[in-house]
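Asks: What follows is each chain in one-letter form.
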Amino acid sequence: MTRSAGRGLTATSTYLVLGFGSILYLVPFLWMLSTSLKTQDQVYEFPIRWIPQPIDWANFVELFTVAPFLTYTVNTIIITVFGVFGSVVSSAAAAYGFARFRFRGRNALFLVMLSTMMVPIWVTIVPSYVVFSEIGWIDTYLPILVPAFFAAPFNTFLLRQFFLGIPLELDEAAKLDGAGSVRIFFTIILPLAKPALLIVGLFSFLLYWNEYMGPLIFLQSQDKFPLSLGISNFVSSQSQDFPMMMAAAMFAMIPCVLLFAVAQKQFIQGIVVTGVKG
Amino acid sequence: MATTDRLQPAPPARPRVVRERPPSGHARREARAGFLWIQPWLVGFLLFSIVPSGMALFLSFTNWSGGDLEWIGLENYVTIFTNDPIFWQSLKVTFIFVVLYLPLSLLVGFGLAMLMNQRFVGMTVFRTIYYLPSVLSGVAVTVLWGFVFHRDFGVINGVLALVGVEPIPWLNSQGWVIPAIVIMQLWAVGSSVVIYLGGLQSVPTELYEAASLDGAGWWQTLRAVTLPMMSPVILLQLILGLIGTFQIFTQAFIMTKGGPDYGSYFFSLYIYDVAFKELRLGYACALSMILFVTILLLTAVFLRTSNRWVYYAAEKRSS
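Note that the protein sequences, when read in sequence, are chains A and B. Position 174 of the first sequence, counted from 1, bears residue number 173 in numbering that gives the first Met the number 0, the numbering being contiguous throughout. Position 25 of the second sequence, counted from 1, bears residue number 24 in numbering that gives the first Met the number 0, the numbering being contiguous throughout.
Bound-form chain A, shown alone (with noise of 0.2 Å):
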């Protein structure tokens, strides 16, 4: 630890700027919470009330009745499954390829990868679409989670650097007793990456959670939509209830919260090694 800004700061000021930005980064939160458990009434009290009275949970229930929520969710756990398992997978193997073999061209072919990551997502989507819809991806979540199953540089990016770590003798060990690069990677690199495989999972997890852009431009039919799509339809169609509208905000980032709560830890590790190391 050090005490780079320590010295001009005492312990009671540091306390105050980082408790008042606290209270700032929790009010919208708080609010959240606080709103969607009101009534269409309550919300132009002024002053604001901060416990509602009465609470009024019969916004969570409305949610599943006034628009198909459940349907939403149930696609969106679709979406953020195969998503998952496809991102980990498909970027675990290239990570591999990239940390344990010698061949020409994979260093230049590593840093094409990382470079791609500057194309903006608008440059594709255009010919994307064209050719999804030449071959009747349209209105599926083909176009989603197939280019899942094709390892993201970052997933790579980040694999790769763990990999290194894994000492090479593992391998030679298991190379003298006859393993092949399947099995050394099933049974040494994979059970041995555990940690970078859990972070790779839980940032895939947000991004499928989250997804809003690929649902937007090839989903049609609202059975098939996943909460994001869901949530913004149905936002801009109440635009005055307000209980409702923090209710499904509320709803949708449950599980997100929750994964943070029980992995703050390897979300933390995560964006070090990538933002430090990397």
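Derived from the structure by calculation, the hints contain no laboratory data. Please read all numbers here as calculations on a predicted model, not as lab measurements. Do not take every clue at face value.
Unchecked claim - Keeping only pairs whose Cα atoms sit at most 30 Å apart, straight-line, the calculated DSSO-like set for lysine-lysine is:
(1) K264/A / K193/A
(2) K256/B / K91/B
(3) K276/B / K223/A
(4) K256/B / K223/A
(5) K276/B / K91/B
(6) K256/B / K276/B
Since chain A is already given, all that's left is putting chain B on it; use the hints.
Replies: Using the frame of chain A, we list chain B on its own:
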């Protein structure tokens, strides 16, 4: 790409087991296996990056709108630059957003990280609080903030009213809408905070001890030790931030639809409208190429000027 090379310094040479040069048959087998393992990325790269990018480049020279296709050379680009006020408006709005957001996110993110990088009790609690919003994203967050900013019933104006401030038309005025979106994005600054915090904690303690022996004050230590040591991390965060913020879409698309009066009509909203509402696909591709080149140029500028302010410990040591 040499530029990326600097961004992502190659890891130190792998501790390979020392042995003679393997027979060429073995090397060839290893190469083939490695090549097979990276196929998930390579095939996806060709199918979902190279081919569509090439198509987009080609289409940008046509007037294609779904039916017959005609090669019109640079006409789209000429129109965009000389006769398209909406393009300039969207570019302006996007630039203002980036210019406001990037320095502020650096300042807030780095400032919070410095405050939390102290040996006081409870810092992990603060880290949790500040980090939590950044795991949330997309539509739900946007819907939440749309209401937070509401002119009449939003919480910001509600609290400000207690101290007598007139309601601010956050999302209903051209002047306020960009600051509002900047504030909303700063809510998610937590992941930068954690990255900066990780960087700060990896600065060798000896450097601070040496600085304090030399009688350096807080400001001098910051200037001479902390910032130089953190500069590679800051550069990476700025570049990733640049690439991300230039593509901002969902927030404005849902909250304001680009309004009021094109006040938050970001570049990506324009591309979306031209492509998927007006179906002028050739024109949309030309716009997307301009977005790509803009990001590329700005990244190059960052990297070019970076050797003036980014300190690479490894380079200095070896020279």
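Asks: Give a verdict on every hint.
Replies: Going through the hints against the structure:
1. K264/A / K193/A: It holds: about 14 Å lies between the C-alpha atoms, which stays within 30 Å.
2. K256/B / K91/B: Holds, because 17 Å separates the two Cα atoms, which is no more than 30 Å.
3. K276/B / K223/A: 21 Å, holds
4. K256/B / K223/A: Between K256/B and K223/A the Cα gap is close to 24 Å, so the pair holds against 30 Å.
5. K276/B / K91/B: Since the Cα atoms of K276/B and K91/B sit roughly 22 Å apart, the hinted pair holds (cutoff 30 Å).
6. K256/B / K276/B: Between K256/B and K276/B the Cα gap is close to 13 Å, so the pair holds against 30 Å.
Of the numbered hints stated above, none is contradicted by the structure.
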